Amino acid sequence: MAEEERFAPFADAARARDADRLGMLIFLASEIMLFGGIFAAALALRLEHGPDYAAAAGHLKLWLGTANTAILLTSSLMAALAVEAARAGAPRRAARALLAALLLGCAFLAVKGVEYAGEYREGLMPGTATAHFDGPAQTLFMNLYFVGTGLHAVHVTIGILLMAMAALSQRARQDRNAMLIGNVALYWHLVDVVWLFLYPTLYLAGVR
Amino acid sequence: MTDEPRFEHPPEEAATSYLADGYSLRSWFLTTDHKRIALLYLVSITFFFLVGAGAAALIRLDLLTPQGDLLSNDGYNRAFSIHGIVMVWFFLIPAIPNVLGNFLVPIMIGARDLAFPRLNLLSWYIYILSGLLTLYVVVGGGVDTGWTFYTPLSSVYANGAVVATIVAVFISGFSTILTGLNFIVTIHKLRAPGMTWSRLPLFIWSHYAVSIIFVLATPVLAITLLLVAAERLIGIGVFDPRLGGDPLLFQHLFWFYSHPAVYIMVLPALGVVSELITAAAHKRIFGYWFVAFASIAIAVIGFMVWGHHMFVSGQSVYASAVFSFLSIAVAVPSAIKVYNWTVTLYKADIAIDAPLLFALGFIGLFVAGGLTGLMLAMLAIDVHVTDTYFVVAHFHYIMVGGSVTAFFGGLHFWWPKITGRLYNETLARIAAILILIGFNITFFPQFMLGYEGMPRRYHVYPPEFQVLHVISSMGAALLAIGYAMPAVYLIWSLLPGGRRAPANPWGASGLEWTTSSPPPQHNFIGQPVVVRQPYDYPLAHPVSRDDG
Ligand code: HEM
Ligand SMILES: [Cu+2]
Numbered sequence: 001m002a003e004e005e006r007f008a009p010f011a012d013a014a015r016a017r018d019a020d021r022l023g024m025l026i027f028l029a030s031e032i033m034l035f036g037g038i039f040a041a042a043l044a045l046r047l048e049h050g051p052d053y054a055a056a057a058g059h060l061k062l063w064l065g066t067a068n069t070a071i072l073l074t075s076s077l078m079a080a081l082a083v084e085a086a087r088a089g090a091p092r093r094a095a096r097a098l099l100a101a102l103l104l105g106c107a108f109l110a111v112k113g114v115e116y117a118g119e120y121r122e123g124l125m126p127g128t129a130t131a132h133f134d135g136p137a138q139t140l141f142m143n144l145y146f147v148g149t150g151l152h153a154v155h156v157t158i159g160i161l162l163m164a165m166a167a168l169s170q171r172a173r174q175d176r177n178a179m180l181i182g183n184v185a186l187y188w189h190l191v192d193v194v195w196l197f198l199y200p201t202l203y204l205a206g207v208r
Numbered sequence: 001m002t003d004e005p006r007f008e009h010p011p012e013e014a015a016t017s018y019l020a021d022g023y024s025l026r027s028w029f030l031t032t033d034h035k036r037i038a039l040l041y042l043v044s045i046t047f048f049f050l051v052g053a054g055a056a057a058l059i060r061l062d063l064l065t066p067q068g069d070l071l072s073n074d075g076y077n078r079a080f081s082i083h084g085i086v087m088v089w090f091f092l093i094p095a096i097p098n099v100l101g102n103f104l105v106p107i108m109i110g111a112r113d114l115a116f117p118r119l120n121l122l123s124w125y126i127y128i129l130s131g132l133l134t135l136y137v138v139v140g141g142g143v144d145t146g147w148t149f150y151t152p153l154s155s156v157y158a159n160g161a162v163v164a165t166i167v168a169v170f171i172s173g174f175s176t177i178l179t180g181l182n183f184i185v186t187i188h189k190l191r192a193p194g195m196t197w198s199r200l201p202l203f204i205w206s207h208y209a210v211s212i213i214f215v216l217a218t219p220v221l222a223i224t225l226l227l228v229a230a231e232r233l234i235g236i237g238v239f240d241p242r243l244g245g246d247p248l249l250f251q252h253l254f255w256f257y258s259h260p261a262v263y264i265m266v267l268p269a270l271g272v273v274s275e276l277i278t279a280a281a282h283k284r285i286f287g288y289w290f291v292a293f294a295s296i297a298i299a300v301i302g303f304m305v306w307g308h309h310m311f312v313s314g315q316s317v318y319a320s321a322v323f324s325f326l327s328i329a330v331a332v333p334s335a336i337k338v339y340n341w342t343v344t345l346y347k348a349d350i351a352i353d354a355p356l357l358f359a360l361g362f363i364g365l366f367v368a369g370g371l372t373g374l375m376l377a378m379l380a381i382d383v384h385v386t387d388t389y390f391v392v393a394h395f396h397y398i399m400v401g402g403s404v405t406a407f408f409g410g411l412h413f414w415w416p417k418i419t420g421r422l423y424n425e426t427l428a429r430i431a432a433i434l435i436l437i438g439f440n441i442t443f444f445p446q447f448m449l450g451y452e453g454m455p456r457r458y459h460v461y462p463p464e465f466q467v468l469h470v471i472s473s474m475g476a477a478l479l480a481i482g483y484a485m486p487a488v489y490l491i492w493s494l495l496p497g498g499r500r501a502p503a504n505p506w507g508a509s510g511l512e513w514t515t516s517s518p519p520p521q522h523n524f525i526g527q528p529v530v531v532r533q534p535y536d537y538p539l540a541h542p543v544s545r546d547d548g
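From first to last, the protein sequence lines are chains A and B. Each residue of the first sequence is one higher than the last, beginning at 1 in my numbering. Each residue of the second sequence is one higher than the last, beginning at 1 in my numbering.
Just chain B, with the same shape it has in the complex:
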């Protein structure tokens, strides 16, 4: 990254940036500006990331020895439950949509805000409310159900603050639904003149797809959790066999939500990577419509594969065979995206900046996670490795290696736009590489552990697994350093005297780069009018302005 823009961009008129528009607490906590709300989310999800990471640290320390010396059995159960619950619902699901999506969706389509700005603020408050309840659970006894809340464990046997946790996740669902609703309406109704559907950035397509899942899958989780709570509190036994219920029903309902939810966590990441790759290659993306429709296809097929989590739950083999087939099918659109990114980079004039390093790391880890997903979708293999560390490694490759890496990549890519500051590029490249190495050292051994039979969710294990567990824990320490680095140099860039970012530091196309860094209060001066295709490299004038 250089101080000077590498490509031309329309001249900026002076306007107050959204950051300079009021400094009082009130101007932040009662703001309806989507950009400020994005920053509120950034701070809050970072906090929850730390909470989840603390629990992960306990888990990895405990697993250093085969006897599980650090935590009690109960304590270990609580550690991994809190880790999963916080990381899934309070960090990863909101991470990209609510921070980057909130900031960028309106700007990328040339709007001045989301369709319902107050609803946007409300969803942050709902998120905070549910987050506080979760923190209460952490200090007030914890939960030991795992993030999956399987019945009858959660409804009958588990002790601890199960109902409080369920209520917390339930409430956070409203925040998610409102965000999805807001995005869909915004993308339909607030596109700038000339911003046709075929000109939408791929980031927008993937947020559109994820919003559909937000709106349609989250309520199924809500009703499921409501039923568990009803069973615990008033004895309406939909899941408990002694009360007439059916425990498998829980698994069906839970995974009907939670498989789409895994795509909730990865679709926005796919959108981010499409932007990073095209910007680094300075090329139009190869197969725009394939990439756009792949997002929609993933959203749709993702609703029909939940049974692959139940291959050993006594589901009929015919059902399992169908779910196996559909699970293999859902890998196709993801693979299409990977091919298209690769072809986009082929023979391109590539700028190897930190965001690209993150994007490349994403592709490698996502492919590894996806291929092992295919393995798990095969009935015969899954029976062998289900409920082992193989599964743990699979989903961490996708959710952490994939989505978290993409989140970091996106944060680095849009940081100059969001804050108006440039960070230290060398440190950023080091962090990107450190994260990639640390991640692999942490999670690759887990594939081996799982394949050899180490079950998940146990902290006492046969001594022959110790070597791999120690390697994994050491990798986690490295990974933690990698994740801590950006916190330092990104905050450093904000200090007085930090280098100012130009409007378009990467020479990227896209409406967000045509406005100043940081953008003015209403994003643009005048209403932008879009006259060119997306990713119209080499850049000329992607927009013309109509200030009338």
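Only chain A is shown next, with the shape it has when bound in the complex:
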């Protein structure tokens, strides 16, 4: 009885794992739609006000954005390695990889913070006293930039907390199916993928 109840309402562990994974994927689809609104707005703005869009994007610090892309990609790699380690039955290696992924996530946030501070000083932050823009389309671009990257940063923060949780849990590290670590890594990959779209949409649009 007890054995069979453990995975209730599922008949066995494999099915319960399948369901967990599917649930996570559906949740991520929902997250994509959350960012989809912002991407759709950016696309519309770019189609209607191409030159303004490019001019506003030109104010962003391309090299900081690029550095953050590299940081986040590496971090995602670490998360993937953590999953592999857990599957291979190496809990300590899994914990180290998660720690690396998590620290890189923090580095990403730090760079973002430096970037925001610079934008504030340069008067690129709408609504602040020093802000000055050439026209409403450029203001809207910066608005979308702050909302998009801000919402993304919230997700990065949640991802960092989740990875810390997974790294601290002995059960998660020793699970040869890497269920928790696997799902956390999936979430982290999504955060990465969203950034991979934000980067060209916002930063590369300013490259001449």
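These are computed hints drawn from the structure, not numbers from a lab. This one's a predicted model, so the numbers in the text were calculated from it and none came from an experiment. Where is the CB? At the ideal position from N, CA and C, for every residue including glycine. Among the clues, some could well be false.
Stated by the list, open to error - Residues from chain A shown here face chain B by an in silico Cβ test under 7 Å; the list is partial:
| id | residue |
| --- | --- |
| 1 | A19 |
| 2 | I26 |
| 3 | S30 |
| 4 | L34 |
| 5 | N143 |
| 6 | F146 |
Please arrange chain B with the ligands on chain A, whose structure you already have, making use of the hints.
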């Protein structure tokens, strides 16, 4: 309905029903049983229905006179805003999925619970949290933005508790998303042996379709509302032109969610009606796959028609023409369903019980609402009647005449299963007819009002409209009586001494009728194994049991 089952059903072994499994508060508020959570939802949505109905009563009373004597201008704005917000997000969206769906999805596919029982409980708590915040808004100043939150009204000019309302709707979205996620995973991973996709009841197909919309559309509303809140609170102006924003962008994002959301409100109803019709006709549904895929088609095309809410918002005429075409296209799958129900009833041995009366009422009102939807989808007509009572009548025919009627029909159909009790059939038939008449008296005059130019959201109007408004308000009183009746006789049936329901009072097919009424804690004794097609009338033994 008779006390005796009209058809054979597999014998029941004695098992504790889910209702008898603990009576403490804890056993309810910390339950992970999908059936108990369904009942928690039933009580809470009924409460919010009363809140919304109270606001509606104020609106209809105020409209009795052309001067709007009862409420101030501001008060009127607040009344219809609260009415819309509460009815849409706190009553109608959760009504069928979270009460009937929660109860039935696992049972209909032969599972013992939803895939994530604790998540299910969590989504109820999230719903309650957002509901409490909404109640705070009601008592703490109200909102005057309407349920549509159009910018720049909502982001700049509106006063009142706009941010609190937005946060409330935002939070309730999490509850919706989690429910959709839970249903999708359950339908994929927990079907009983032999319950193939082609054997799924149509109720399940429509819940599958609606879950997809839950998961994919709700986050778009979330981001939209988040942007409005950000604009009000920290001046990030995505919508306010003075801050560089684009107010039309709001409408695009809002309707990208809210048109699918209207299908959120109607798809589960279509599923309920498919069950009611087949059970009353004792026949296999005509065109099973057409009805099943129509649900999916509605879910998909429904994402591509939002521009029909923006015909007069300065959208390009080419875009409008495309949206007009797609809106007409989306009516096709709905019409297919109506044809299939009609053909199913044709030459059938029909049992005219209360659930069928509700279902027939649904079909008539849904057709009226759908046809006027087609009218609104035509550019030339819409320019004339947009923002008038014609639109108000259109969506009330679908959302109230359609979905609420289907909810009542479903509640009557599955009440014996949910509670194990039989209600007074005569009173139920009277209520069904009263609701149909009251509804039409309330809302048909609104088509006429709108066509003649009565704008929506105004409470001071030219005196020539008064007659129709008075008729509408009187109809609303009748409708209120119709809605109050079930509350009385359904609760009455629960009192000690109420008549017990057999396992299958309607002689219907479907796994839920093979288990006792009310079902045992884990829904079935042993794992059911499905060996027959859905709606396999005349009934023999729809399932065989494997108790090993
Ligand atoms: C089937 C379920 C449906 C529901 C629940 C529904 C609900 C609604 C609601 C709530 C509105 C008003 C929104 C507002 O302005 O506050 C509306 C407007 C509209 N509906 Fe429907 N509708 C449905 C079906 C349809 C269909 C099938 C069509 C077209 C074929 C349609 C066409 C329209 C149009 C064009 C408007 C905009 C009218 C205007 O604002 O001028 N609807 N509907
Ligand atoms: Cu629509």
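Violated hints, by number in ascending order, as checked against the structure: none
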